[in-house]
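J.: Each chain, letter by letter, is given below.
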Amino acid sequence: MRRLAALRHGLANWRTVSLCLLIVLLIYQVIIPFLMITWASLKTARPGDAAFMEWGFTLANYVRAWADAAFIEATINTLWFSLTSTVMAFAGGLFLSWVVDRTNTPFARFIGMMTLARIIIPGVLITVSWILLISPNIGMINAVLEWLTGIKAVFNVYTFWGMVWVHGIEMIPLAYLLISSAFQAMDPRLEEASTMTGAGTFRTLRRISLPLIAPAIGAALLLLFISTVETFEVPLLIGGRADVRVYTTEVFFNTARVPTDWGLASTYSMALLLISVVLLYFYFRLLRHGERYQTVTGKDYKPRRIDLGPWKYVTCVASLLLVFMITGLPFLIMLYASLLPEDSVSMIEPLEMLTLENFQALFNEQDAFDPLWNSTLLGLGSATAVMLVVSAIAYYVHKTRIPGRKILDFLAFASIALPSVVLGTAFLWFYLLVPLPVLGTLWIIGLAYLTKFMPFALRFVSSSMQQIHVELEEAAQVAGVPWWKNFFRIFLPLLKPGLLAGWFWVMVHAFRELTIALMLSRADNKTAAVVIYDLWENGSFQALSAFGVMMFTVLIVLVTISHAISRRYGIEEQT
Amino acid sequence: MIIVENLSKIFESKTERVAAVDGVGFTVEAGEMVTLLGPSGCGKTTTLRCVAGLERPNDGRIQVDGAPVVDCPAKTFVPPHLRNLGMVFQSYAIWPHMTVFDNVAYALEGKKLARAEIRRRANEALELVQLDGFADRPAPRLSGGQQQRVAIARALAGSPSALLFDEPLSNLDAKLRSEMRSELRRLQQQVGLTSIYVTHDQSEALAISDWIIVMRAGRIVERGRPTEIYRAPKSLFTAQFIGNTNLIPGTVKAAAQGGGPVRVETAMGTMAGLDPNNDLKVGEAVRLSIRPEDLAITGAGAPGAENALTGRVRVATFQGSAVEAELAAGEETIQCHFGRDVELAQGAEINLTFDPLSAVVLRDEALEDELDAA
Ligand SMILES: Nc1ncnc2c1ncn2[C@@H]1O[C@H](COP(=O)(O)OP(=O)(O)O)[C@@H](O)[C@H]1O
Ligand SMILES: [Mg+2]
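Heads up: the sequence lines are chains A and B, in that order. Quick note, the first sequence lines up with residues 1 to 575 if you use our numbering. Quick note, the second sequence lines up with residues 576 to 949 if you use our numbering.
Errors might be hidden in some of the hints.
To be verified - Computed beta-carbon distance windows for the label pairs: (1) B:A897 <-> A:K406: 53 to 63 Å; (2) B:G720 <-> A:H469: 19 to 29 Å; (3) A:R292 <-> B:Q910: 47 to 57 Å; (4) B:E754 <-> A:R567: 43 to 53 Å; (5) A:D101 <-> B:L932: 52 to 62 Å; (6) B:D939 <-> A:A564: 50 to 60 Å; (7) B:Q910 <-> A:L205: 52 to 62 Å.
Hints were generated in silico from the structure; no laboratory data involved. The structure presented is a predicted model; accordingly, all values stated were derived computationally and were not measured. Just so you know, even glycine gets a beta-carbon here, dropped at the ideal spot from N, CA and C.
Just chain B, with the same shape it has in the complex:
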């Protein structure tokens, strides 16, 4: 189990002062995979490196399996090599002057084990990542994906109390990435390792995490299960960062009552959606977030009906398993995701509706350009 409390890290140079991590706190339960997700530059790597001990935080406390490794108020700092953590780097960091086997066995050398035991465990780790045939290869003579596996085997070999992953898949090509993604998840569950996983790729985060922590500018925005984060994001930032969504601007017309939907006045009429924070007040500027796949085609509805939109088809593309369409509805562009049997002619006018339970109403906020950077 890892507990991080009130972690802060400030990078200071002559010209500027960057609060890379600004009061972050979270808990990783034993055997769980927690993902730090956010656009690049939001402080994920720095957080992870503070846990690893490669960065010395300015404030906060970190505990690993009950033992404090960092306690800034008490000036405790356990150096990284005594923390018994495994880490997989974004750039693999495979030692090029060693063979595959040596790379893995090196992680066991400090543990006062017999030669034969080191050999056995290193081979076991290589087997786990399916590289048992490559033990004697010089490490640089491997493909990117294989190097990544060596890095994982090396991190696993020393039986660390937790594994730290820093964007481990970002240097792989798309196909390999999705393969490795499921394999990583399988491995992590098989070995039952407590893990922190850093990524800026939301689909990766959704696929492999037990919990997702969304970060923005050095702070935590929200934390939740992947399904919650996707279905009912609690902030506009999360809604927009994770998956595709339509964000329709409006103002609150009637606040939620007893867990029911809020009503929002928009340019396209009144719409209803859930208020995940349960604190919206009448008159507040909000955005209604509807996922493209939650929109369904209906016949002409009664004028003035709730949750009804009309749009003109701008483009429709057949994707095999689905049809994706972009509609023009007044000023807004609406993205839709229909079943594969829907036929849409360009320029056709269609009526859409959605379930109020699938839409969320979020307080409007300025989102600057952070998301473009991701």
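Okay, chain A solo, but in the shape it has when bound:
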């Protein structure tokens, strides 16, 4: 008994110490970026100046931004771009989820699968591929239309609506995912119960279906909106040339240009942060509201499919076309462009001209694979680090009663409000100030990724952690099993599905991430996504496409391997 008491005591101490360490780590990783941006926005001195560290603040930056027509324009553009893209993605997602889940359209399952498959194509490649399709100069679709009708440049991607189109299409898979899970959370018995009381279709829709689904749909719309506010690829690659400035690009250009405009960059960051915090607040409120409406049972749920009669062929063709645009077209055009001769200026070339020279050039060039290797390292490394930190957090939050554990949860989750450009800026400036030798290395990107991906990974782990009962652990403790054995024998096996799913998610997202990597890139720590951007800047779309195909291939290999591994350890359902 005494041994047990001592063991418990030791364990408790050990836990408290590691809890404190975790809190310190999270403050460092999460609170400092927030502070960094806020602080810089209240200073006219630049980081590195002595005055920057002094106590004394000014609103000069805000005043300057407010007086600047460009700020107002960026604000309007950001909101309008987000609204229109959200509407477009929502409409597409709604249509697809209706077709896939609620109708007897042929190939429904295939359509659903292909929509989600798009999620692994990196966003930057999607944007580039749409440029290859509808840019006024080289756009393939424009070229075909010109050949058919003689009209030049029918579409122009370098416009506001071009941006909306590309980003809207890009977000449809996310919209589809959100909308179909909102519908699936609703018990069809609730509608049937209304019918049985004598209510017709319309009254059931108005009084039962719509009010029940509204919070989840509202949350979905907000999330799409927030994602657009924070998006970077489309505004950077298309908005730059279309002269449509939004917050994210303003932060980037004010940071990246020489000399850096610290004041404006931080003010734009603050505006971005503010929008994101406010919208997220409403998002979580709606989400909680929606969860209250979810009935616990739904045990005999079978979605009722509408028989569309001959119309099912219309929906089938329409949704296959849409899915082709979402998933097939970007990949195919990239593949095609990678095979074009290096000196060609048009997207239409006779088939016999197609060549592998771009790939040859890639293989001949020294260091061409370094960025791919960097991305792989970042993917694997940050996924592992994030999962380790997050499991520890989830353990404290859900499985102990140590005071202070709630702070952990909050801290780990707070970084969801930090848009990537803001996060990138904060890390850049912080390590300009702090003499740690991470600038220009993969470490700085990895550290930023830790902050970026923690909240998402935490969700995967928390839900599995909650399923493990405290008694399990206490039973083991009473039986005198040392805690580490307990951890490996009881916790790890039960947590495995959540851990692997989270790891997988972070790995894919870290591999293809552009925004943070670009803001923190120097000569030696370029990732694959950054190289795509560089190549695009150089205007060589053949080399870019070849590299894009390589990037995609490496990602597929990584995904396949980790999928095979998680299969072996028995977690088919989660991913």
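Since the structure of chain A is already known, use the hints to place chain B with the ligands on it.
T.: Using the frame of chain A, we list chain B with the ligands on its own:
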């Protein structure tokens, strides 16, 4: 009154074709409670949903109070909201975004009533299920049993011509279940409502029904009063599904004559029991079904006497009001249910007998694993 004739419903998917309901027909007289009883997956819910109109049958006719609501040959299909039926779902299906009162009042909204009348009737329905104090509560903030009552009040409120219950008590815990069971019966009789009740729980069916219809694999096996179904089941399936029983295998030695018992040759000697179908022939393989409570202890009988069994006590458990025992008799295990004063020592040999009128002889049939699923 509800009349169902020749009802069939087939679910087709790419991989399979399930005849969930296969030629079912029955009648529910006005004011009666008829229960569809059977193991899960036998098509009870589907039958009920066809009556409700939530499922469109492939064949058959359904009439409610003389009006056809489904007539497949004539392609008539009245949509569910025009059938004036009330339904209580297995999962309650209480609308979580409304209060208790609104849940009930909603059922009256389509009826072109004055506000005050809606209020009065909704409150009346809530009173009937003893929830009058809860009118303004948000519906999700109720216990399972209370939600169940709201569902019943909602179904009752619109004065439907019949009520349909789909396993309404299966999500409640055991104690609440038996309470609600008697209350449902009281309500149904008080309001005098024609009802169809679906359940896989035989004790529930025995307790609340006027008639029980036993279903198996989409078809009706038999129909009868609860007492008949329990005492004299007409099939081996029913005998085994309802209550506890001993099924002793044997062959018919002498067929029934003028309503008298049949004689069956078993490993334990000759036994006599009733033949409820009156069609057994000499030499047929049968099972003799004896309820545990119909077995009585006797002294040593004459060797070769009819309806005599000898068994060794394997376990005996005192249950308060009764003693339950498991005996080993040759290859068979015999379950018995004695009065509370019987004392049994483990391993003791005892002699049993039973009244031929309390035993039934049923044609043997393969029972697969359907019953395990129930
Ligand atoms: N919507 C449906 N689609 C396909 N098969 C169904 C559907 N509903 C029920 N079934 C099948 O029909 C059979 C009868 O189901 P059901 O009526 O729910 O049985 P019970 O209520 O007696 O348990 C089962 O085999 C079930 O799997
Ligand atoms: Mg059922």
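J.: Each hint: holds or not?
T.: How the hints compare with the structure:
1. B:A897 <-> A:K406: 53 to 63 Å: 55 Å, holds
2. B:G720 <-> A:H469: 19 to 29 Å: Since B:G720 and A:H469 have Cβ atoms about 26 Å apart, the given range 19 to 29 Å holds.
3. A:R292 <-> B:Q910: 47 to 57 Å: 48 Å, holds
4. B:E754 <-> A:R567: 43 to 53 Å: 49 Å, holds
5. A:D101 <-> B:L932: 52 to 62 Å: Since A:D101 and B:L932 have Cβ atoms about 59 Å apart, the given range 52 to 62 Å holds.
6. B:D939 <-> A:A564: 50 to 60 Å: 53 Å, holds
7. B:Q910 <-> A:L205: 52 to 62 Å: 55 Å, holds
Against the hints set out earlier in the document, no violation occurs for any number.
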